[in-house]
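*Asks:* Make a model of the complete structure from these sequences and hints.
Per numbering that gives the first Met the number 0, residue 0 is the first one in the sequence shown, and the count goes up by one each step.
No lab work stands behind these hints, which were simulated from the structure alone.
Treat each hint with caution, since some may be false.
What the hints assert, rightly or not - Only pairs whose alpha carbons sit at most 27 Å apart, straight line, appear in this in silico BS3-like list of lysine-lysine:
id, residue 1, residue 2
1, Lys114, Lys89
2, Lys105, Lys58
3, Lys89, Lys132
4, Lys58, Lys114
5, Lys114, Lys16
6, Lys89, Lys105
Stated by the list, open to error - Distance ranges between label pairs, derived from CB positions:
id, residue 1, residue 2, range
7, Arg9, Thr211, 28 to 36 Å
8, Glu23, Phe218, 28 to 36 Å
9, Ala63, Leu215, 48 to 56 Å
10, Glu92, Ala63, 53 to 61 Å
11, Asn90, Gln42, 51 to 59 Å
Being a predicted model, the structure only gives us computed values, none of them experimental.
All residues carry an ideal CB built from backbone N, CA and C; glycine is no exception.
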Amino acid sequence: MNVSDAVERRVSIRAFKPETPPEETVREILQAAARAPSGGNLQPWRVYGLAGAPLAELKAQVAANPFGETPEYEVYPPNLWDPFRTRRFKNGEDLYATIGIPREDKPARLRQLAKNGELFGAPVGLFFCLDRKLGPPQWSDVGMYMQTVMLLAVERGLDTCPQEYWARYPQTLARLLDLPDDHMVFSGMALGWRDETAPINTLRSDRDPFETWAELRGFS
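*Replies:* This is the structure:
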């Protein structure tokens, strides 16, 4: 598989098979991803992988506290504006359409949202953390590390779903991960094999045309 194939296959999967990938495979992915770039080679990422009993304990604690905690940060700016608002709205509508949930069915939408806390049934949860004294450039570095993890997972036949949802549970995660006081959770990620029969996994989110967001200048 080449990089282009991996980029094309990677999508956010929201229904997983229960089988757990081998620990050695997960280790290989995380270790190989450390070749991701970071400014000044700071390598600011700190990663925790949970499976089995530790992951079950996390899911149980989240289920017992469905409203979450005070988030570490806001995933989206308040009063999101266009074109970002429209993109987010359409993505949500397209997602719920795959599973037949109309906009007016708020309880069903909330039940689907709660599946984030179950990592959509994934057998592995990855949590990406960094020192809270670091700044936005280092957040970008962690994002590049995460993207590398996702592409390496595809190469090995696995699937992922990055989840900033986990910013809603900073205290729970800090306690269960035994996270140093000066570190914060930036994002989680579900990892496993996709359920090919699940309608929700048919979603491929839109991308705007190249001309909307890019310009090339000086080429002959």
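*Asks:* None of the hints should be skipped; say for each whether it holds.
*Replies:* We went through each hint and held it up to the structure:
{"no.": "1", "hint": "Lys114 <-> Lys89", "in the structure": "holds, 20 Å"}
{"no.": "2", "hint": "Lys105 <-> Lys58", "in the structure": "holds, 23 Å"}
{"no.": "3", "hint": "Lys89 <-> Lys132", "in the structure": "violated, 35 Å"}
{"no.": "4", "hint": "Lys58 <-> Lys114", "in the structure": "holds, 10 Å"}
{"no.": "5", "hint": "Lys114 <-> Lys16", "in the structure": "holds, 14 Å"}
{"no.": "6", "hint": "Lys89 <-> Lys105", "in the structure": "holds, 17 Å"}
{"no.": "7", "hint": "Arg9 <-> Thr211: 28 to 36 Å", "in the structure": "violated, 21 Å"}
{"no.": "8", "hint": "Glu23 <-> Phe218: 28 to 36 Å", "in the structure": "violated, 45 Å"}
{"no.": "9", "hint": "Ala63 <-> Leu215: 48 to 56 Å", "in the structure": "holds, 52 Å"}
{"no.": "10", "hint": "Glu92 <-> Ala63: 53 to 61 Å", "in the structure": "violated, 31 Å"}
{"no.": "11", "hint": "Asn90 <-> Gln42: 51 to 59 Å", "in the structure": "violated, 32 Å"}
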